[in-house]
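Engineer: Produce the complete structure using the sequences and hints provided.
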Amino acid sequence: MTIGERIYFCRLERKMTQKQLAEKAGMADSAIRKYESGRITPKFETLNRIAAALEVPWTMLYPNNEKAAEAYISTYNDFIKEHPGGFEKISPDEAAERGLIEEQAADSLNTMQSQIHSEQILKDFAALNEKGREEAAKRVHELTFLPEYKKDLTQK
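Numbering-wise (UniProt numbering), the sequence shown opens with residue 1 and increments by one.
One thing to keep in mind: the hints can contain errors.
In the EDC-like style, the derived pairs of lysine to aspartate or glutamate whose C-alpha atoms are separated by at most 16 Å in a straight line are [said to hold, decoys possible]:
id: 1; residue 1: 15; residue 2: 55
id: 2; residue 1: 24; residue 2: 45
id: 3; residue 1: 19; residue 2: 29
id: 4; residue 1: 34; residue 2: 5
id: 5; residue 1: 24; residue 2: 55
id: 6; residue 1: 138; residue 2: 124
id: 7; residue 1: 151; residue 2: 93
id: 8; residue 1: 19; residue 2: 36
id: 9; residue 1: 43; residue 2: 102
FRET-style restraints, in silico, Cβ to Cβ [claimed, not checked]:
id: 10; residue 1: 120; residue 2: 40; range: 27 to 37 Å
id: 11; residue 1: 136; residue 2: 114; range: 11 to 21 Å
id: 12; residue 1: 138; residue 2: 14; range: 43 to 53 Å
id: 13; residue 1: 5; residue 2: 113; range: 19 to 29 Å
id: 14; residue 1: 33; residue 2: 138; range: 51 to 61 Å
id: 15; residue 1: 141; residue 2: 119; range: 15 to 25 Å
id: 16; residue 1: 111; residue 2: 141; range: 17 to 27 Å
id: 17; residue 1: 148; residue 2: 99; range: 22 to 32 Å
id: 18; residue 1: 33; residue 2: 143; range: 45 to 55 Å
id: 19; residue 1: 143; residue 2: 110; range: 16 to 26 Å
id: 20; residue 1: 119; residue 2: 97; range: 24 to 34 Å
id: 21; residue 1: 110; residue 2: 139; range: 16 to 26 Å
id: 22; residue 1: 114; residue 2: 29; range: 35 to 45 Å
id: 23; residue 1: 144; residue 2: 43; range: 36 to 46 Å
Since the hints were derived computationally from the structure, they do not count as laboratory data.
Ideal Cβ positions, reconstructed from N, Cα and C, are used throughout, including at glycine.
Structural biologist: See the structure below:
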């Protein structure tokens, strides 16, 4: 299912017209028609606005996590081009605090990053022999004792 089809079905589930969705998302209804028909694909920021208007996580509108990750990376690449020398790596939560992305998008990105990291760790672990697995487990356990790597349990 394409992004446009996902927008269309989410909109129908909410019993919204294209015009109502466009108004709620702050865009022209002709843009919604183009997105739903697949003539154009919305940019990351636009899709966030549509998702917020539909009251769904933006990742729900992507065909898969790979496409969502590509969109996120593309947005940050665009940001880097627009702000040469002014880019610093920030977390999704920091990006939301600065108003670069919506809080809903930050939550989705945090979840997606966690899933991607977990999948990669499991793939890497599976590629190790028994001795490597023992060493990896030991190293991960050691990291849990270092304050800079511990999760701050007072936040979300």
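Engineer: Given the proposed pairing of residue 151 with residue 93, does the C-alpha separation stay at or below 16 Å?
Structural biologist: Judged against 16 Å, a Cα distance of about 14 Å means the pair holds.
Engineer: Hint says 35 to 45 Å; check whether the CB-CB distance for residue 114 and residue 29 agrees.
Structural biologist: holds (36 Å)
Engineer: Given the range 16 to 26 Å, decide if the beta-carbon distance of residue 110 to residue 139 lies inside it.
Structural biologist: Holds - the Cβ-Cβ distance for residue 110 and residue 139, about 24 Å, lies within 16 to 26 Å.
Engineer: Checking one constraint from the list: CA of residue 24 to CA of residue 45, max 16 Å. Satisfied?
Structural biologist: holds (15 Å)
Engineer: Please check whether residue 120 and residue 40 have a Cβ separation lying inside 27 to 37 Å.
Structural biologist: At roughly 32 Å between Cβ atoms, residue 40 and residue 120 fall inside 27 to 37 Å, so the hint holds.
Engineer: Taking the Cβ atom of residue 33 and the Cβ atom of residue 138, is their distance within the range 51 to 61 Å?
Structural biologist: holds (57 Å)
Engineer: Is the distance from the Cβ of residue 148 to the Cβ of residue 99 consistent with 22 to 32 Å?
Structural biologist: Given about 27 Å between the Cβ atoms, the range holds.
Engineer: With a cut-off of 16 Å on the C-alpha distance, tell me whether residue 15 and residue 55 pass.
Structural biologist: Measuring from Cα to Cα gives roughly 13 Å; hence the hint holds.
Engineer: Do residue 143 and residue 110 keep their Cβ atoms within the hinted range of 16 to 26 Å?
Structural biologist: Holds, at about 19 Å.
Engineer: Straight-line Cα separation of residue 43 and residue 102 no greater than 16 Å?
Structural biologist: Answer holds: residue 43 to residue 102 is near 14 Å, not above 16 Å.
Engineer: Against the 16 Å threshold, does the CA-CA distance of residue 24 and residue 55 hold or violate the hint?
Structural biologist: holds (11 Å)
Engineer: For the hint 45 to 55 Å, verify it against the beta carbon of residue 33 and that of residue 143.
Structural biologist: holds (50 Å)
The earlier numbered hints are all upheld by this structure, with none contradicted.
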